[in-house]
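Q: The lines below spell out each chain.
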Amino acid sequence: MSAQATIEKQSTCAAGSCCGEGTFAPAVDIVEAGDHLAIFADMPGIAPKDIDIQFEQGTLTIHGRAQPTAAPGARFLLQEYGVGDFHRTFEIGEMINASRISAEYANGVLTLRLPKVAAAQPRRIDVKTAT
Amino acid sequence: MFGRIASGNSALSHLRDEVDRLVGHMVDGSVNWTPLAFNVAPTYPALNVWETEEALAVEAELPGFKMENIELSVMGRELTIKGERSQESATDATWHRRERSAGTFARVLRLPFDVDAEKIAASFKDGVLHVTLPKAEAARPRRIEVKTGNQ
Chain Z
481 MSAQATIEKQ STCAAGSCCG EGTFAPAVDI VEAGDHLAIF ADMPGIAPKD IDIQFEQGTL
541 TIHGRAQPTA APGARFLLQE YGVGDFHRTF EIGEMINASR ISAEYANGVL TLRLPKVAAA
601 QPRRIDVKTA T
Chain E
2 MFGRIASGNS ALSHLRDEVD RLVGHMVDGS VNWTPLAFNV APTYPALNVW ETEEALAVEA
62 ELPGFKMENI ELSVMGRELT IKGERSQESA TDATWHRRER SAGTFARVLR LPFDVDAEKI
122 AASFKDGVLH VTLPKAEAAR PRRIEVKTGN Q
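Order-wise, the sequence lines are chains Z and E.
Mapping to our numbering: the first sequence position 3 is 483, numbers consecutive.
Mapping to our numbering: the second sequence position 104 is 105, numbers consecutive.
Relax, there's no trap hidden among the hints.
Below, a list of computed lysine to aspartate or glutamate pairs in the EDC-like style, where the Cα atoms sit at most 16 Å apart:
1. E/Lys67 x E/Glu85
2. Z/Lys529 x Z/Asp565
3. Z/Lys529 x E/Asp127
4. E/Lys126 x Z/Asp530
It should be emphasised that the hints constitute simulated quantities derived from the structure, not laboratory data.
I would like the entire structure built from these sequences, with the hints used as guidance.
A: Structure, rendered in structure tokens:
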């Protein structure tokens, strides 16, 4: 079983299935190191207390609630990006120890660490010389 | 019969020339053809700019940047934002998804009015850069009293 199948984007909240208009799928990097997977998600402008991370039946959901920064009725000269909630879900395989998933948020980036279960970790096998 | 073959060949070579012309143009860039990725992000970062009575507010989402890697400067009516974001590097790691970009950027924003360069304030919180550029005295709205002309 490859780790690629372990974690995969399931939906980006298209067609308003779960969230209203103005909800964005954060860009993510998913990196697998020896004993864990790391997910880096760009979620600027979200206060850490407004980030919900849920894990239920093999699905990891991250959701960030945005607070508008411009005063209502501000006269916009440029509006090149929308401010809204971030939402994205991932399928997590059985290789991940769900109870030990940890998260931290700094400079607008949410970092999740998903430790692999011991059985899924690479193991170095020493070859002994038969004497 | 040879005539027909000859004419067939000429049609074929004509077609090939036509394809070469089109493909060649695309490759050498004389046709307005750019990879999709470049069309998606024409300028970085995207900016929201709004005006209040006293100031201009400029905001940019710069997740993963650090304050010390962002450089702001104002020259006349031009605001320049520069920055650099490095990618989490890990040797012997496998990348399953790589949607976040890294590198340097520079963007120049033309300001609609003169600003008071001494009073520009910038903050960086949760990956969002917020710059407040107070209007220069001359650019502020001025209330003009209308006097009643009592003759």
